[in-house]
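Peer 1: Sequence:
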Amino acid sequence: MNFSLSFSQQFFIGLRFCLVMLVLCGILYSASITKLGELLFPYQAHGSLLEYEDETRGSVLIAQNFSGDAYFHGRPSAANNDPMATAGSNLAPSNPALRERALADSTAIQTREQITAAQIPADLISASGSGVDPHISPAAAQVQIARVARARGISEAEVAKLIANNTEQKQWGIFGQVRVNVLLLNLGLDQLAQR
2 MNFSLSFSQQ FFIGLRFCLV MLVLCGILYS ASITKLGELL FPYQAHGSLL
52 EYEDETRGSV LIAQNFSGDA YFHGRPSAAN NDPMATAGSN LAPSNPALRE
102 RALADSTAIQ TREQITAAQI PADLISASGS GVDPHISPAA AQVQIARVAR
152 ARGISEAEVA KLIANNTEQK QWGIFGQVRV NVLLLNLGLD QLAQR
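Residues 2 to 196 in the numbering used here are what the sequence shown spells out, letter by letter.
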């Protein structure tokens with residue numbers, strides 16, 4: 002029995018193997034895992050989108066820009082909260098541009114919230130690594146209570162209760178940080194205003 006194969010035979014065997022693996026791993030596996038994800042986790046598989054008043058308001062996974070005194074504000078974003086351009090600024094702490102941005106943000110927050118620089122939680126000054134982190138710390142939400150309550154004409158206690166209701170604990174009690182989703186919090190404020 003002759004086990005030696007010519008170069009062309011070896012080439013076509015390798016090519017067939019590559020095509021079979023492409024179909025198995027690149028198409029069938031990907032399609033089956035995608036369908037399984039849709040069946041087991043339909044909300045997450047479709048972007049964790051929030052529907053409010055028959056309108057998609059955003060995803061709980063991606064930050065949005067909120068402006069005005071009646072809304073809570075999230076973290077600064079090097080990507081301008083664009084999910085197609087997720088990235089950090091990659092600026093070193095010694096970079097003058099980062100220092101200027103942080104100083105400008107600090108001054109704006111001090112004026113807007115009527116607090117001192119020492120009272121500003123770090124996450125209101127520092128951008129997230131992804132540039133689209135939708136969460137702030139409970140402390141960052143707390144410093145905004147007075148402004149939001151004043152702008153909406155409601156009590157600070159109502160706003161504080163809304164923060165408590167939208168505070169997410171650590172994942173499985175051990176991973177990550179206690180956090181508040183800014184989109185959910187602001188939608189809660191809008192719902193509160195309609196009552």
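If you are wondering where the hints come from, they were derived from the structure by calculation, not from laboratory data.
Even glycine gets a Cβ: it sits at the ideal position worked out from N, Cα and C.
Some clues are possibly wrong.
As the list claims (entries may be wrong) - Each pair of labels, with its calculated beta carbon distance range:
# : residue 1 : residue 2 : range
1 : Gln45     : Val24     : 26 to 34 Å
2 : Ala194    : Thr35     : 36 to 44 Å
3 : Ala32     : Thr57     : 23 to 31 Å
Peer 1: Each hint: holds or not?
Peer 2: Cross-check of the supplied hints:
1. Gln45 to Val24: 26 to 34 Å: holds (27 Å)
2. Ala194 to Thr35: 36 to 44 Å: Check passed, 39 Å falls within 36 to 44 Å.
3. Ala32 to Thr57: 23 to 31 Å: holds (26 Å)
Of the hints listed earlier, there is not a single one the structure fails to meet.
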